[in-house]
Amino acid sequence: MASGQGAPGGDQGVRIGRNQRRRIVDRTMGVLSVLATVVALIPLASILIYVSAKGLSAISWDFFTKLPKPVGEPGGGMANAIVGTMILVGLASAMGIPIGILAGIYLAEFGRGRLAWTVRFICDVMTGIPSIIVGIAVYGTIVVAMKRYSAIAGGVALAIIMLPLVTRTTEEMLKLVPNSLREASLALGAPQWRTVVSVVLRSAAGGIITGVMLAVARIAGETAPLLFTALSSRYWHTGLDQRIASLPVYIYTYATTPYEDLHRLAWGAALVLLALVLVTSMAARVAGRRASGGNRG
Amino acid sequence: MEKKSYKAWLEGDIAFRGFAYLAALSLVGVVLAILWVLVEGAQLTFTKFGPGFALGSRWDPVHGVFGALPLVYGTVVSSLIALAIALPLSLGIAIYLTQLAPHWLRGPVSFLVELLAAIPSVVYGLWGVFVLVPWVRSSVEPVLGSALGFLPLFKGAPYGFGMLAAGIILAIMITPTISAVSREVLLVVPRSQQEAMLALGATRWETIRMVVLPYGRSGILGAAILGLGRALGETMAVTMVIGNRPQIFPSLFELAQTIASIIANEFSEAFNDLHLSALVAAGLILFVITLLLNIMARLLVWRVARVPQGVTRE
Numbered sequence: 099m100a101s102g103q104g105a106p107g108g109d110q111g112v113r114i115g116r117n118q119r120r121r122i123v124d125r126t127m128g129v130l131s132v133l134a135t136v137v138a139l140i141p142l143a144s145i146l147i148y149v150s151a152k153g154l155s156a157i158s159w160d161f162f163t164k165l166p167k168p169v170g171e172p173g174g175g176m177a178n179a180i181v182g183t184m185i186l187v188g189l190a191s192a193m194g195i196p197i198g199i200l201a202g203i204y205l206a207e208f209g210r211g212r213l214a215w216t217v218r219f220i221c222d223v224m225t226g227i228p229s230i231i232v233g234i235a236v237y238g239t240i241v242v243a244m245k246r247y248s249a250i251a252g253g254v255a256l257a258i259i260m261l262p263l264v265t266r267t268t269e270e271m272l273k274l275v276p277n278s279l280r281e282a283s284l285a286l287g288a289p290q291w292r293t294v295v296s297v298v299l300r301s302a303a304g305g306i307i308t309g310v311m312l313a314v315a316r317i318a319g320e321t322a323p324l325l326f327t328a329l330s331s332r333y334w335h336t337g338l339d340q341r342i343a344s345l346p347v348y349i350y351t352y353a354t355t356p357y358e359d360l361h362r363l364a365w366g367a368a369l370v371l372l373a374l375v376l377v378t379s380m381a382a383r384v385a386g387r388r389a390s391g392g393n394r395g
Numbered sequence: 002m003e004k005k006s007y008k009a010w011l012e013g014d015i016a017f018r019g020f021a022y023l024a025a026l027s028l029v030g031v032v033l034a035i036l037w038v039l040v041e042g043a044q045l046t047f048t049k050f051g052p053g054f055a056l057g058s059r060w061d062p063v064h065g066v067f068g069a070l071p072l073v074y075g076t077v078v079s080s081l082i083a084l085a086i087a088l089p090l091s092l093g094i095a096i097y098l099t100q101l102a103p104h105w106l107r108g109p110v111s112f113l114v115e116l117l118a119a120i121p122s123v124v125y126g127l128w129g130v131f132v133l134v135p136w137v138r139s140s141v142e143p144v145l146g147s148a149l150g151f152l153p154l155f156k157g158a159p160y161g162f163g164m165l166a167a168g169i170i171l172a173i174m175i176t177p178t179i180s181a182v183s184r185e186v187l188l189v190v191p192r193s194q195q196e197a198m199l200a201l202g203a204t205r206w207e208t209i210r211m212v213v214l215p216y217g218r219s220g221i222l223g224a225a226i227l228g229l230g231r232a233l234g235e236t237m238a239v240t241m242v243i244g245n246r247p248q249i250f251p252s253l254f255e256l257a258q259t260i261a262s263i264i265a266n267e268f269s270e271a272f273n274d275l276h277l278s279a280l281v282a283a284g285l286i287l288f289v290i291t292l293l294l295n296i297m298a299r300l301l302v303w304r305v306a307r308v309p310q311g312v313t314r315e
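Quick note, the sequences are listed as chains A and B, same order.
Per my numbering: the first sequence = residues 99 to 395.
Per my numbering: the second sequence = residues 2 to 315.
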């Protein structure tokens with residue numbers, strides 16, 4: 099490759115100049131793409147640093163064991179919101195996971211033709227529905243019917259959000275299971291449901307669990323649909339038909355007040371929530387990698 | 002005896018099949034139910050204001066006048082700002098991860114970018130209020146204002162809160178989506194085509210520009226639309242930084258409002274049926290827009306990322 103400045107003018111000079119320009123453009127675009135990656139990671143670093151630095155200073159024993167105090171009184175914690183988030187996620191999982199896995203089984207094992215195509219399509223489209231719309235729909239049905247905000251309504255809203263995620267990962271994972279396994283099981287005389295449950299599902303379990311955990315991590319941080327389904331509460335949770343506190347809603351309400359104290363608690367809540375979400379999704383990835391590695395080996 | 006067990010065998014299968022079928026149908030049912038609730042709830046508004054609801058520019062709950070134009074404007078403009086920032090960034094990331102990065106770095110970097118998608122929206126909002134907004138107020142807006150202040154887009158006092166902050170935070174939130182989908186699309190570009198181009202003496206960038214990007218064009222477009230759909234419906238982070246003022250201003254430094262943010266703000270405090278119905282009607286508009294965008298994006302991405310994969314598998 100020619101390098102350096104050639105003779106000015108003339109055929110040779112022009113060609114060298116052009117090659118040089120091409121190389122410079124090549125390098126520049128390479129640098130720009132690295133830069134884009136770095137720029138995208140700056141907010142990640144900033145969020146992690148701020149949340150851990152500011153959050154740690156708010157976290158104490160009281161944070162995990164005490165109820166929130168009225169504005170102006172020092173101390174107080176978010177024990178009810180931590181428990182509330184767990185209850186909401188548990189409720190949503192109890193509804194969303196079984197239905198999602200069954201629907202995934204339908205798509206992978208029985209689904210042929212137009213209905214399967216429709217369900218698959220709706221599933222993909224559903225993941226793009228804004229979560230606040232789900233909140234409105236649950237408000238319009240369950241909250242209006244029960245005439246009150248409740249943990250159940252919140253759980254249903256979150257379940258609807260996790261449903262398509264669970265369905266699609268289940269389908270994808272089941273499709274990876276080789277057909278020979280199914281045939282072997284059927285040839286031994288096992289009915290189809292037995293084949294699916296104890297052979298196919300079992301060998302895809304790792305991947306499905308990964309998908310489920312990612313869905314759980316996703317809904318644990320959802321706020322918008324809870325604003326008018328579960329709402330919030332300053333007290334311990336007393337029943338599934340009552341409103342219930344959750345970390346995301348607390349972060350939102352505390353961050354938008356003008357009080358320093360509450361801001362501090364919001365950072366603390368954000369740290370707990372982020373830890374919950376990130377640990378779950380990282381664990382899911384590790385589990386997934388191990389499962390898929392095992393399957394291949 | 003044998004007949005009986007065969008019957009049980011069959012019944013088990015039929016029941017199992019039935020359950021799976023019902024579960025799949027429930028997904029369709031949920032989407033239809035959502036649509037029905039929205040249409041039902043929006044009826045009062047549409048009978049009162051007609052289609053003019055979407056074009057009215059005054060949102061005034063106190064006087065019972067509801068026009069959704071400022072919300073639609075805020076939603077669309079904030080999302081377009083986000084797309085304008087996120088698309089080049091995401092393409093850069095996708096190109097870096099598929100073409101340039103050393104192999105050992107690809108996994109960790111894409112993991113970090115995906116981590117951005119795992120952070121809850123409300124945490125973005127919190128960070129936005131206390132970190133991003135002050136930065137926008139003290140650095141971004143003064144600089145933009147003095148350099149481009151002759152444009153109406155960049156005029157006005159730097160509040161920090163407002164359309165620009167919302168656009169930036171949305172850009173951060175949709176970057177993982179766009180970059181992940183474009184990465185998948187770029188991964189299926191046939192190796193042989195790139196090698197042919199390189200063998201002809203093209204530089205890496207020329208190969209990317211003339212082979213890789215054109216091959217993935219419709220998939221990248223799909224990724225961008227998918228990201229746009231996410232941005233349109235994003236609620237909490239936007240609600241916390243956009244300022245919540247349902248009016249149309251030409252300047253990006255001004256406070257604004259989106260459909261999602263006004264619902265988050267006013268829904269639980271709506272003081273009469275009409276107000277509530279107007280919010281549901283706005284939600285219906287958002288639902289329809291995001292649904293259409295999603296359908297479009299899926300079709301585009303499917304065409305690119307699925308067909309070649311199927312071909313290589315066979």
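Do not rely on the hints blindly, as some may be mistaken.
[Unchecked claim] One side only, chain B facing chain A, incomplete, derived with CB under 10 Å:
id: 1; residue: Phe20
id: 2; residue: Ser91
id: 3; residue: Ala119
id: 4; residue: Asn273
id: 5; residue: Leu292
[To be verified] Within a straight-line C-alpha distance of at most 20 Å, the following computed EDC-like cross-link-like pairs (lysine to aspartate or glutamate) qualify:
id: 6; chain 1: A; residue 1: Lys167; chain 2: A; residue 2: Glu358
id: 7; chain 1: A; residue 1: Lys245; chain 2: B; residue 2: Glu185
id: 8; chain 1: A; residue 1: Lys245; chain 2: B; residue 2: Glu196
id: 9; chain 1: A; residue 1: Lys245; chain 2: B; residue 2: Glu115
id: 10; chain 1: A; residue 1: Lys245; chain 2: B; residue 2: Glu207
These aren't lab readings, by the way, just hints derived from the structure by calculation.
Idealized CB from N, CA, C, for every residue including glycine.
Verification of the supplied hints:
1. Because the smallest distance between the Cβ of phenylalanine 20/B and any Cβ of chain A comes to about 6 Å, under 10 Å, the interface hint for this residue holds.
2. Annotation: interface hint on serine 91/B holds; nearest CB of chain A at approximately 8 Å, less than 10 Å.
3. Residue-level restraint check for alanine 119/B holds (minimum Cβ-Cβ distance to chain A is 5 Å; threshold 10 Å).
4. Taking 10 Å as the C-beta contact cut-off toward chain A, the hint placing asparagine 273/B at the interface is violated, the least distance being around 15 Å.
5. With its C-beta approaching chain A no nearer than about 6 Å, leucine 292/B sits inside the 10 Å limit, and its interface hint holds.
6. Among the hinted pairs, lysine 167/A with glutamate 358/A is consistent with the structure: their alpha-carbon atoms are about 14 Å apart, no more than 20 Å.
7. Straight-line distance between C-alpha atoms of lysine 245/A and glutamate 185/B comes to about 46 Å, which puts the hinted pair past the 20 Å bound.
8. This hinted pair does not check out: lysine 245/A and glutamate 196/B have alpha carbons roughly 65 Å apart, beyond 20 Å.
9. Annotation: proposed proximity of lysine 245/A to glutamate 115/B is violated, straight-line Cα distance about 40 Å (limit 20 Å).
10. Between lysine 245/A and glutamate 207/B the CA atoms are separated by roughly 63 Å; this puts the pair beyond 20 Å, and the hint is violated.
When the structure is compared with the earlier hints, violations turn up for hints 4, 7, 8, 9 and 10 and for no others.
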